[in-house]
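Enquirer: From just these sequences and the hints, can you work out the full model?
Those sequence lines, one after another, are chains A and B.
Residue numbering for the first sequence follows my numbering, beginning at 39 and increasing consecutively.
Residue numbering for the second sequence follows my numbering, beginning at 641 and increasing consecutively.
Simulated from the structure, these hints should not be mistaken for lab results.
One should not assume that every hint holds.
Listed next, with one range per pair, are the computed distances between beta-carbon atoms [what the hints assert, rightly or not]:
| id | chain 1 | residue 1 | chain 2 | residue 2 | range |
| --- | --- | --- | --- | --- | --- |
| 1 | B | Lys842 | A | Gly80 | 34 to 40 Å |
| 2 | B | Val755 | A | Arg231 | 49 to 55 Å |
| 3 | A | Glu79 | B | Ala937 | 49 to 55 Å |
| 4 | A | Glu263 | B | Gln956 | 29 to 35 Å |
| 5 | B | Arg910 | A | Asp53 | 53 to 59 Å |
| 6 | B | Thr838 | A | Ile312 | 50 to 56 Å |
| 7 | A | Arg76 | B | Gln956 | 46 to 52 Å |
| 8 | B | Asp972 | A | Arg231 | 48 to 54 Å |
| 9 | A | Leu215 | B | Glu677 | 25 to 31 Å |
| 10 | B | Ser837 | A | Ile312 | 47 to 53 Å |
| 11 | A | Thr259 | B | Val906 | 47 to 53 Å |
| 12 | B | Ala937 | A | Met39 | 54 to 60 Å |
| 13 | B | Gly682 | A | Asp144 | 29 to 35 Å |
| 14 | A | Gly80 | B | Gly682 | 44 to 50 Å |
Cβ atoms here follow ideal geometry from the backbone N, Cα and C, with glycine treated the same way.
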Amino acid sequence: MASMTVIEAVRSTLDEALGKDDRVFVLGEDVEAGGVFRATEGLAAKHPGRIIDSPLAESSIIGISIGAAHYGMRPVAEIQFADFIHAGFDQLCSEASRWCYRTRGDAYLPMVVRTPWGGGVHGGQHHSQSIEAYYAHMPGIKVVAPAFPADYRSLLRAAIEDPNPVLFLEHKRTYRLIRQEVEGAPAETVIGRARVTRKGPDLTIIAYGLMLHESLAAAETLSSEGIEPTVVDLLTLNPIDRETILETAKATGKVLIVHEDTLTGGLGGEIAAIIAEHAFEYLDAPIRRVAGPDIPPMPFHHAMEDFFMPNREKIAAAARELAAY
Amino acid sequence: MTTETTSPAGTSLGAEQLGKFLYEMMLIRHFEEKCGELYTKGKIRGFLHLYTGQEACAVGSMAALEERDKVVTHYRDHGHALARGLDPNRVMAELFGKATGVSGGRGGSMHLYDVSKGFLGGYAIVAAHLPLAVGLGMASNMKSEGYVTLCVFGDGSVGEGEFHEALNLSVLWNTPTIFFCENNLYGMGVPFHASLSTEIPKLAAAYNMPAVSVDGMDVIAVHEATNKAVDHARSGKGPYFIEAMTYRYRGHSMSDPELYRLKDEVEEHRQRDAIERLKTQMMEAGQLDEARYQEFAERVDQVVDESVEFAERSPQPGIETLYDHLYKEPSDG
Ligand SMILES: Cc1ncc(C[n+]2csc(CCOP(=O)(O)OP(=O)(O)O)c2C)c(N)n1
Ligand SMILES: [Mg+2]
Numbered sequence: 039m040a041s042m043t044v045i046e047a048v049r050s051t052l053d054e055a056l057g058k059d060d061r062v063f064v065l066g067e068d069v070e071a072g073g074v075f076r077a078t079e080g081l082a083a084k085h086p087g088r089i090i091d092s093p094l095a096e097s098s099i100i101g102i103s104i105g106a107a108h109y110g111m112r113p114v115a116e117i118q119f120a121d122f123i124h125a126g127f128d129q130l131c132s133e134a135s136r137w138c139y140r141t142r143g144d145a146y147l148p149m150v151v152r153t154p155w156g157g158g159v160h161g162g163q164h165h166s167q168s169i170e171a172y173y174a175h176m177p178g179i180k181v182v183a184p185a186f187p188a189d190y191r192s193l194l195r196a197a198i199e200d201p202n203p204v205l206f207l208e209h210k211r212t213y214r215l216i217r218q219e220v221e222g223a224p225a226e227t228v229i230g231r232a233r234v235t236r237k238g239p240d241l242t243i244i245a246y247g248l249m250l251h252e253s254l255a256a257a258e259t260l261s262s263e264g265i266e267p268t269v270v271d272l273l274t275l276n277p278i279d280r281e282t283i284l285e286t287a288k289a290t291g292k293v294l295i296v297h298e299d300t301l302t303g304g305l306g307g308e309i310a311a312i313i314a315e316h317a318f319e320y321l322d323a324p325i326r327r328v329a330g331p332d333i334p335p336m337p338f339h340h341a342m343e344d345f346f347m348p349n350r351e352k353i354a355a356a357a358r359e360l361a362a363y
Numbered sequence: 641m642t643t644e645t646t647s648p649a650g651t652s653l654g655a656e657q658l659g660k661f662l663y664e665m666m667l668i669r670h671f672e673e674k675c676g677e678l679y680t681k682g683k684i685r686g687f688l689h690l691y692t693g694q695e696a697c698a699v700g701s702m703a704a705l706e707e708r709d710k711v712v713t714h715y716r717d718h719g720h721a722l723a724r725g726l727d728p729n730r731v732m733a734e735l736f737g738k739a740t741g742v743s744g745g746r747g748g749s750m751h752l753y754d755v756s757k758g759f760l761g762g763y764a765i766v767a768a769h770l771p772l773a774v775g776l777g778m779a780s781n782m783k784s785e786g787y788v789t790l791c792v793f794g795d796g797s798v799g800e801g802e803f804h805e806a807l808n809l810s811v812l813w814n815t816p817t818i819f820f821c822e823n824n825l826y827g828m829g830v831p832f833h834a835s836l837s838t839e840i841p842k843l844a845a846a847y848n849m850p851a852v853s854v855d856g857m858d859v860i861a862v863h864e865a866t867n868k869a870v871d872h873a874r875s876g877k878g879p880y881f882i883e884a885m886t887y888r889y890r891g892h893s894m895s896d897p898e899l900y901r902l903k904d905e906v907e908e909h910r911q912r913d914a915i916e917r918l919k920t921q922m923m924e925a926g927q928l929d930e931a932r933y934q935e936f937a938e939r940v941d942q943v944v945d946e947s948v949e950f951a952e953r954s955p956q957p958g959i960e961t962l963y964d965h966l967y968k969e970p971s972d973g
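Expert: As structure tokens, this is what we get:
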């Protein structure tokens with residue numbers, strides 16, 4: 039058993055994938071020297087020629103990954119911050135997403151795009167954004183956003199082995215904040231399944247990434263007050279695990295969805311719609327959302343950033359209201 | 641494409657102008673050193689990119705502009721803001737995230753702006769501001785307003801598609817845009833020649849844009865090249881490209897372990913230091929004496945100290961203001 043941070047989980051899984059499969063290579067900005075968050079530290083020396091520095095050219099990083107994936111390679115692209123991925127939006131959404139579909143399965147793209155997302159690091163306007171909803175909207179790409187190191191390992195492994203384009207989101211605030219005892223090789227898992235992380239009868243909290251941790255912390259507090267929530271770690275944002283969402287919603291009849299992304303058009307709306315359509319009769323209260331306010335993320339000032347970010351207190355407060363409903 | 645070196649002996653700039661250059665470069669140097677210190681103390685948070693070493697670029701180029709002209713820059717923008725005449729107090733306050741900051745604490749280090757000075761930012765998405773500069777030029781042409789736009793960016797920008805799109809369109813549409821590339825040899829830890837298969841001015845030349853490469857550690861050379869570029873753009877001849885060869889003394893940001901270069905390399909470039917160089921030139925030409933230099937140093941100290949005090953005592957921005965200005969009211973447009 040080894041205690042591992044999120045960043046160590048990412049690094050070790052990349053290392054193992056590079057060691058196991060010659061087709062895997064890493065492409066991104068400054069990755070050879072280890073990258074901004076040190077995700078690829080030491081890998082260039084261990085896997086010569088397979089950790090490739092690219093110029094600042096996000097569109098090409100993704101586009102070139104498409105070409106390489108098509109002809110049998112397994113590129114793992116890194117976009118240094120999720121905020122910079124939009125230059126490659128077209129490559130992901132207009133090209134990668136429909137490769138398999140429009141060739142009716144004759145061609146496919148075993149590629150991964152990893153990128154650090156989210157706030158809480160004083161990154162300001164261009165280094166803090168949540169981008170998942172834009173991409174989760176696009177059928178044909180898978181979007182994964184784990185919370186715990188062991189899931190980072192198993193899901194990154196699954197993403198690299200998956201024959202489809204996977205956008206792998208790493209919450210930058212959790213890189214060194216979250217630790218977990220991790221054992222052996224990354225577990226075999228499938229993309230597309232959520233996990234019930236905590237079980238309770240009073241309400242269901244659905245979250246992912248940093249907000250999963252905040253939700254679990256809120257659950258501790260709530261539990262000490264006699265409110266026992268179920269907490270669901272979504273893990274995959276597209277395709278979303280409707281089954282687990284509906285099961286847990288039906289079981290408690292009250293649902294609180296938490297994300298850091300801004301409220302309007304955020305994933306919470308989709309989850310709420312799934313529940314409203316398929317579990318309406320089971321609901322005992324209106325579905326609630328705790329999300330970032332509808333302003334362009336992220337204000338630089340720390341108090342403003344704190345205001346923006348949902349946290350355990352805000353989650354607990356909404357949960358109390360919901361429990362009392 | 642031509643490569644120019646300007647002999648300081650041949651400059652027509654007088655003692656007053658050169659003194660102003662020296663003072664401004666010293667101000668930026670000291671401001672940046674103070675920022676580094678304040679960062680270590682946790683007064684400034686987030687991402688901080690210091691400009692030490694590159695002062696001649698901002699000072700020499702901004703001095704070629706008129707008040708009506710516009711400036712857009714990348715995120716390493718404190719030096720440009722100060723050289724453009726933004727209030728050091730309000731710049732420092734922004735770095736502290738205070739309500740009195742140029743962006744009221746919303747922007748921070750990488751997103752400075754002051755519309756009243758034609759200083760339109762501070763952009764942290766590399767190369768995303770190049771097309772904006774072309775648009776500003778289109779507006780200048782369409783409204784016959786005669787202002788030019790100075791668009792500052794690093795060598796790392798040249799890999800982005802927007803760089804190429806912007807250069808091409810500015811030539812096609814003949815916009816009064818000065819593309820000013822501060823080539824400090826690195827984009828983060830990657831040497832620029834590992835990012836580009838050719839030389840930077842050749843890219844501009846390929847789009848039929850006049851391009852020069854100048855010594856970016858020589859404020860006079862930078863100034864004269866920018867003057868020429870501004871004349872060219874303002875007289876309706878279209879865009880102009882300047883590559884200023886420079887060097888940043890500090891890491892890319894405050895968290896850069898600098899594994900990609902040797903201390904000797906930094907030392908070597910410090911021998912080209914723009915401030916030392918101008919100081920020596922002026923002294924040799926009898927345009928500066930030790931007393932006046934000391935006077936500059938004291939004034940710089942004062943201005944920077946005051947900016948810190950101002951930032952310290954400024955109020956925090958009110959959370960209730962966060963929703964303000966999301967949209968302009970139609971009646972205000
Ligand atoms: C579109 C985009 N890609 C990547 C980054 C991350 N990044 C910020 S600065 C930088 C290096 C830029 O180097 P250069 O343009 O030479 O400017 P310098 O930092 O040297 O002043 C990188 C890779 C970014 N901010 N935006
Ligand atoms: Mg550079």
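Enquirer: Now, for every hint given, state plainly whether the structure supports it.
Expert: Comparing the hints with the structure gives:
Taken as a hint, the range 34 to 40 Å holds for the pair Lys842 of chain B and Gly80 of chain A, whose Cβ atoms sit roughly 36 Å apart. Checked against the given bound of 49 to 55 Å, the beta carbons of Val755 of chain B and Arg231 of chain A, roughly 50 Å apart, stay inside it. At about 42 Å, the beta-carbon gap between Glu79 of chain A and Ala937 of chain B misses the expected band of 49 to 55 Å. At roughly 32 Å, the beta-carbon separation of Glu263 of chain A and Gln956 of chain B lies within the given 29 to 35 Å, and the hint holds.
The given range of 53 to 59 Å is broken by Arg910 of chain B and Asp53 of chain A, whose C-beta atoms sit roughly 38 Å from each other. The hint said 50 to 56 Å for the Cβ distance between Thr838 of chain B and Ile312 of chain A, and at roughly 52 Å that hint holds. For the pair Arg76 of chain A and Gln956 of chain B, the supplied restraint of 46 to 52 Å is violated, since their beta-carbon distance comes to about 33 Å. One distance hint, 48 to 54 Å for the beta-carbon pair Asp972 of chain B and Arg231 of chain A, holds here, with the actual separation near 50 Å.
In this structure the hint that Leu215 of chain A and Glu677 of chain B lie 25 to 31 Å apart at CB holds, the actual value being about 27 Å. Remark: the range hint 47 to 53 Å for Ser837 of chain B to Ile312 of chain A is upheld by a beta-carbon distance near 49 Å. Here the CB-CB span from Thr259 of chain A to Val906 of chain B is close to 51 Å, well matched to the stated 47 to 53 Å. At about 59 Å, the CB distance of Ala937 of chain B to Met39 of chain A agrees with the hint of 54 to 60 Å.
Between Gly682 of chain B and Asp144 of chain A, the C-beta spacing of about 57 Å breaks the proposed range 29 to 35 Å. In this structure the supplied range 44 to 50 Å is violated for Gly80 of chain A paired with Gly682 of chain B, their Cβ-Cβ distance being about 30 Å.
Violation of the numbered hints given earlier is confined to hints 3, 5, 7, 13, 14; the remaining hints are satisfied by the structure.
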